[in-house]
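J.: The chain contents come next:
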Amino acid sequence: MSGHEHQDYTGAKFGMWLFLFTEVLLFGGLFILYAVYLARYPKEFVTAGSQLNVWFGGGNTLVLLTSSLFVAVSITALRRGATGLCLRLLGGTVACAALFMLNKFFEWSAKIGHGIYPGSAHLRELPPGETVFFNIYYLTTGLHGLHVVIGAIVLIWTMALIKTGRVHANDWVILENAGLYWHLVDLIWIFIFPLYYLILH
Amino acid sequence: MHPQTTTQAVDTAFYVIFAICGIMLAGIAVAMIWFVWRYNRKRQPVPLSQKDHNLWLEVTWTAIPTVLVMLMFWYGWEGYLSLRRIPDDAMHIKATGRMWSWLFTYDNGRSADKLFVPVGQPVKIELLAEDVLHSFYVPAFRVKRDMVPGMVNWVWFTADKPGSFDLFCAEYCGVGHSAMVTTVEALPAAEFQAWLNAAGSTGGDPAARGLELAGQLGCLGCHSVDGSRRVGPSLKGVFGAPRAVLRSGARATVTADAAYLKRALMEPAAEIVEGYPPAMPPYTQLSEADLAALLAWLESLK
Amino acid sequence: MSENQEHAHIVPYRTFFLVWVALLALTAITVAVAQVNLGPLNVWAALGIATVKSTLVVAYFMHMKYEARLFKLALLAALAILAIFIGMTFLDVLYRS
Amino acid sequence: MTVDHAAAAERGFLAEARRPGPFGWIFSTDHKRIGLLYLWSIVTFFCVGALLGLLIRLELWAPGRTIMDAQTYNAVFTLHGVIMIFLFIIPGIPAAFGNLVMPIQIGARDVAFPRLNLLSWWLYIGGAALAVTSLFTGGGPPDTGWTFYVPFSARTTTNVSLATVAVFILGFSSILTGLNFVTTIHRLRAEGMTWTRLPLFTWSLYATAWIQILATPVLGITVALLFAERVIGTGLFDPAQGGDPIMFQHLFWIYSHPAVYIMVLPGMGVVSDIIPVFARKPAFGYKAIVVSSLAIAFAGSLVWAHHMYTSGMSDLAVMVFSLLTFIVAIPSAVKVFNWLATLYQGSILLDPPLLFALSFILLFTIGGLTGLVLGAAATDVHVHDTYFVVGHFHFTMFGGTGMAFFAAMHYWLPKFYGRMYDKTVATVAWGVIFTGFCILYLSMKIVGMMGMPRRYWDYVPEFTGLNQLATAGSWILGIGLVLMFVNLVRGVLYGKPAPANPWGGATLEWQLPSPPPTENFAHDPVVTHGPYDFRKAGIL
Ligand code: HEA
Ligand code: HEA
Ligand code: CUA
Ligand SMILES: [Cu+2]
Chain A
1 MSGHEHQDYT GAKFGMWLFL FTEVLLFGGL FILYAVYLAR YPKEFVTAGS QLNVWFGGGN
61 TLVLLTSSLF VAVSITALRR GATGLCLRLL GGTVACAALF MLNKFFEWSA KIGHGIYPGS
121 AHLRELPPGE TVFFNIYYLT TGLHGLHVVI GAIVLIWTMA LIKTGRVHAN DWVILENAGL
181 YWHLVDLIWI FIFPLYYLIL H
Chain B
202 MHPQTTTQAV DTAFYVIFAI CGIMLAGIAV AMIWFVWRYN RKRQPVPLSQ KDHNLWLEVT
262 WTAIPTVLVM LMFWYGWEGY LSLRRIPDDA MHIKATGRMW SWLFTYDNGR SADKLFVPVG
322 QPVKIELLAE DVLHSFYVPA FRVKRDMVPG MVNWVWFTAD KPGSFDLFCA EYCGVGHSAM
382 VTTVEALPAA EFQAWLNAAG STGGDPAARG LELAGQLGCL GCHSVDGSRR VGPSLKGVFG
442 APRAVLRSGA RATVTADAAY LKRALMEPAA EIVEGYPPAM PPYTQLSEAD LAALLAWLES
502 LK
Chain C
504 MSENQEHAHI VPYRTFFLVW VALLALTAIT VAVAQVNLGP LNVWAALGIA TVKSTLVVAY
564 FMHMKYEARL FKLALLAALA ILAIFIGMTF LDVLYRS
Chain D
601 MTVDHAAAAE RGFLAEARRP GPFGWIFSTD HKRIGLLYLW SIVTFFCVGA LLGLLIRLEL
661 WAPGRTIMDA QTYNAVFTLH GVIMIFLFII PGIPAAFGNL VMPIQIGARD VAFPRLNLLS
721 WWLYIGGAAL AVTSLFTGGG PPDTGWTFYV PFSARTTTNV SLATVAVFIL GFSSILTGLN
781 FVTTIHRLRA EGMTWTRLPL FTWSLYATAW IQILATPVLG ITVALLFAER VIGTGLFDPA
841 QGGDPIMFQH LFWIYSHPAV YIMVLPGMGV VSDIIPVFAR KPAFGYKAIV VSSLAIAFAG
901 SLVWAHHMYT SGMSDLAVMV FSLLTFIVAI PSAVKVFNWL ATLYQGSILL DPPLLFALSF
961 ILLFTIGGLT GLVLGAAATD VHVHDTYFVV GHFHFTMFGG TGMAFFAAMH YWLPKFYGRM
1021 YDKTVATVAW GVIFTGFCIL YLSMKIVGMM GMPRRYWDYV PEFTGLNQLA TAGSWILGIG
1081 LVLMFVNLVR GVLYGKPAPA NPWGGATLEW QLPSPPPTEN FAHDPVVTHG PYDFRKAGIL
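Chains as they are written, first to last, in this note's numbering: chain A, 1 to 201; chain B, 202 to 503; chain C, 504 to 600; chain D, 601 to 1140.
Bear in mind the hints are in silico, worked out from the structure with no lab data behind them. Fair warning: there could be bad hints in the mix.
Result set (PhoX-like, lysine-lysine): computed pairs, CA atoms no more than 20 angstroms apart in a straight line [said to hold, decoys possible]: (1) 325/B with 295/B; (2) 252/B with 887/D; (3) 295/B with 315/B; (4) 252/B with 1136/D; (5) 1023/D with 243/B; (6) 325/B with 315/B.
Some but not every residue of chain A turned toward chain D, in silico, with C-beta under 8 angstroms [as the list claims (entries may be wrong)]: (7) 26; (8) 114; (9) 116; (10) 118; (11) 128.
All C-beta atoms, glycine included, are put in the ideal place defined by N, C-alpha and C.
With the rest of the complex left out, here is chain A:
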């Protein structure tokens, strides 16, 4: 059905944006819970929050912002005909995704090593507010991590399409949509970072 005369760039992008809204509201549910529990346990959130390592969070912020830049630039590159540059940039993004997950792996390992993970005996002994903080921290960053992985897979698939010439300087909407998805991942992290890693007071 998707013959060439049916191509509707604006429609495709609009559809993607609608999908992004659903992602925003999916995370929105977690942000509602975060807000409610922060209001209920302000002190415990600070105590628990300061146990997170700002360097892990900050480092990953840099990684994601840079990856977002790569994706944004890659679209311009493709449309200017610089397919090679575009592919390298996308490769860079995927590398950033891997770096992000590696970082996350070390961060989580350290926490889990300290007995802090959902359902752990240690976590249940903490004051309720701190337990809530760590539970919601794991759920939010876990769901976000899942999105990083999905985003990376989508980008790899897009790279394949570029290589086979299905996506090119005159037909780039798939790349643009994949990029939109990746930026969303970044966008959500922009809120996760201060809310979880930077509540120090």
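With chain A's structure known, arrange chains B, C and D with the ligands on it following the hints.
T.: Showing chains B, C and D with the ligands alone in chain A's frame:
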């Protein structure tokens, strides 16, 4: 001014809302049937008009419902406020809901699985849940409030006449939900006082004390004593009877002696009576005396 | 479908680069602000900066600045609904007796 | 608009498949084929759900055990609720009739994302398969009720985890339909199809689709959190770990209240399309109806906590949510009045589609008015979680959306199969259904007023009489339903050929042959008049 009872407060709202709704419904139904009859194609082969809008009509039938719904809202809210304003002289009772029984505790330590209240005296019931959500509902007094673990809710009401009124659990809480039913017993003030002060009524009889405990601990929420099946097996004649049980999945037949019954209470998961879910909570907090009383009671169930 | 959509605005590399620099700067600022004790204001400051950052990402990286008005309205609607969901939940959470 | 018998004899899209046999259906991206796939899957699940409803009523014939034990009963009503909500009524009209009709109504060849459309059907089937699997695996069929309230749902040993996965997937399917429809309506309208010429059915789908997009994800995260709570023990709702069970209720209803408008708005759209056709009069107050659809969609997103008046949330919240609940009633009232005004001075033909549409108005009004009893704080305290609520939602969902669904079947099936059912039998079936319906659900409302709680396997003897009346009503209703479905299926298979425009409709779908060809329009249509302009359409 202030309604005397919760029933009056809520019923006022009911009358107002039902009256408005009844009139609206009748109007709509009559108009619809009349149009269908009058403008039926047999009677009216071609439409009389092709008119498709009228601003004033739209404004009218937006404005009138707006007024009506605000009226309904107001009565609803007023009635609700009455439910939330406790009279100063209210007596205090604690209600605990758990799967699947009720426990009412009075300030002097007396407790029961029925809610005894004095007639004419407002009572404030503090609502607690031990395990999952339950809901305290007495239709006769129009009060209902959920019992939420980790939270203390409350209701108040005044029983204005003596009698026995149904008390239901109105929040779904599992397989025994519909069995989580008891009554409010409204007694004249003097009778109530007598009941309240009749502590130690069980005397020294351990089996009678066991029965009292069985009510308080919720055993009777899951077990009958007349042979009928509930969530758990009936306790009628259990003492000394042969039982088919599953021990960590393997079938076995044991005799329900004192040791077995003690295990059934302290670590129910160890042996599961065949054909029943592993739903019984362990009662490890029981004192030796209470345990003995329960066993004596079980023995008495012939 | 039409020609001019096919050749919609191409954002130059430089714009992206500047946005990226701004995002890094804002990240540094938000980390710095978090070290100062402002009481409850800390959270609002963090959220404020995050909002600025995300606006940059949405406007430039995600091209929202160059999209039709429909896109912007739709985005506003989605965010407004989320804000309402959060706000109205607090009608309960903050006022329980 | 001339009746073209030659075209009617052709099999249109029914005959033109790209792949042979069933693959031509289950891998087809044609919106009409997907619509029919949805239609028959949904009807199947409706029948299963209805049979479970029948079992519920049999068990409630008398206090105590009648035909099943308490655990089975709890599983049965849970399954009944889950099937009816997630597999019948939410996808119901949009996914089946929206897919069939909407692209044609706006003069398009297909939806904006045909492959995504097929994917959402597959997700629907996948979610349904998982839901069925959850019955036979793990700890047995879920027993939580369709609301999945914690902490019970987090503790019960039954297979709730798999059911939450199923609900998540079904939600995803619903989201994809929603975003497809919004994009389609924005991008693919034919020349001349301005926003004020959109048929009201399409408008209602547009409003619905926005709720699907913006509210469904919240359900997704809610069930995902429940899943996490059960599987990895993240007790975000567990008071022992500092969580708040009431927050689950907030999140659940943030979706599930708007969802009731996902259920009913398309039904209102069907009714808004049918009434003008059978009254031969333009829809009265077209703009008011459009605005009220959008208003319901928006305001309906702000009232969720009216399900929680007794939960222990703050009194302030009770007040605000009660007030807003009443505000939603106003646009519904506007719709009802405009429908009545459309009938006024028309030339009314009481064919089956109109009969069902009119019963929608009456039964939905009863359901809606009892909704007002629930919306008022004081009265809801008494009837919350009683059979009064059960009566309310069967009136709105079954009396409302269900009737609209049946109306849509009688109205549009001849278009898509090119065959007409027997109208006399359909009328008789309607009469039986209506009678049974009223006996069944009015008894429930009364027994609810008397205080019978819902989800009760056993009840006190005072309630026996009304319960038996309700059960008897369910048999009458059942007979009517069987008669109706048999008649429709016979019509589809062996009915007389249906002309292109059997009812005299002025919207675009009636200008195509019955059944329409795969590409719908040989040439992209140019629309020159409104959807209910019977004069310009040559019908009057
Ligand atoms: C199709 C589905 C549907 C629809 C459309 C509605 C519509 C409405 N519902 Fe209902 N509702 C449900 C499905 C639906 N509901 C379900 C499934 C539940 C139970 C869930 C569960 O717990 O399992 C429920 C439960 C429910 C509750 C919670 C009850 C409780 O648990 O205590 C409340 C409370 O406010 C409520 C209110 C309303 C209101 C005010 C409307 C309004 O939108 C109705 C508006 C319509 C009218 C008012 C009629 C038309 C107007 C006129 C004829 C004009 C004249 C009227 C005036 C004077 C204004 N509903
Ligand atoms: C659209 C939604 C919908 C529909 C149509 C129905 C239809 C019916 N429902 Fe139900 N119902 C719900 C949605 C719906 N329900 C929901 C959401 C709940 C809440 C669940 C919960 O608490 O979690 C509920 C709960 C509910 C209860 C309350 C249970 C309790 O609280 O304990 C009861 C009790 O009587 C009931 C009964 C019925 C009956 C008798 C029908 C009748 O309409 C059924 C009539 C049908 C028949 C009598 C069978 C006819 C036979 C066929 C159609 C098969 C034909 C087959 C072939 C031709 C092969 N339903
Ligand atoms: Cu306790 Cu229902
Ligand atoms: Cu609702």
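J.: Report holds or violated for the interface hint on residue 128/A, using the least CB-CB distance to chain D and a cut-off of 8 angstroms.
T.: 3 angstroms, holds
J.: Straight-line Cα separation of residue 295/B and residue 315/B no greater than 20 angstroms?
T.: Measuring from Cα to Cα gives roughly 12 angstroms; hence the hint holds.
J.: Check the hint pairing residue 1023/D with residue 243/B against an upper bound of 20 angstroms on the C-alpha distance.
T.: 17 angstroms, holds
J.: Closer than 8 angstroms between Cβ atoms is the bar; does residue 114/A clear it against chain D? Give me holds or violated.
T.: Status violated, d = 17 angstroms.
J.: Is the hint on residue 26/A kept, meaning its closest Cβ partner in chain D is under 8 angstroms away?
T.: 4 angstroms, holds
J.: Is residue 325/B close enough to residue 295/B, meaning Cα to Cα at most 20 angstroms?
T.: 8 angstroms, holds
J.: Straight-line Cα separation of residue 252/B and residue 1136/D no greater than 20 angstroms?
T.: Holds, at roughly 14 angstroms.
J.: Quick one, are residue 325/B and residue 315/B close enough, alpha carbons at most 20 angstroms?
T.: Holds, at about 15 angstroms.
J.: Any CB of chain D closer than 8 angstroms to the CB of residue 118/A?
T.: Holds - the Cβ of residue 118/A comes within 8 angstroms of chain D, reaching about 4 angstroms at its closest.
J.: Is residue 252/B close enough to residue 887/D, meaning Cα to Cα at most 20 angstroms?
T.: Roughly 14 angstroms between the alpha carbons, so the hint for residue 252/B and residue 887/D holds.
J.: Can you verify the interface hint for residue 116/A: is its Cβ closer than 8 angstroms to any Cβ in chain D?
T.: With a minimum Cβ separation of about 12 angstroms from chain D (threshold 8 angstroms), the hint on residue 116/A is violated.
Violated hints, listed in ascending order, are 8, 9; each of the other numbered hints is respected by the structure.
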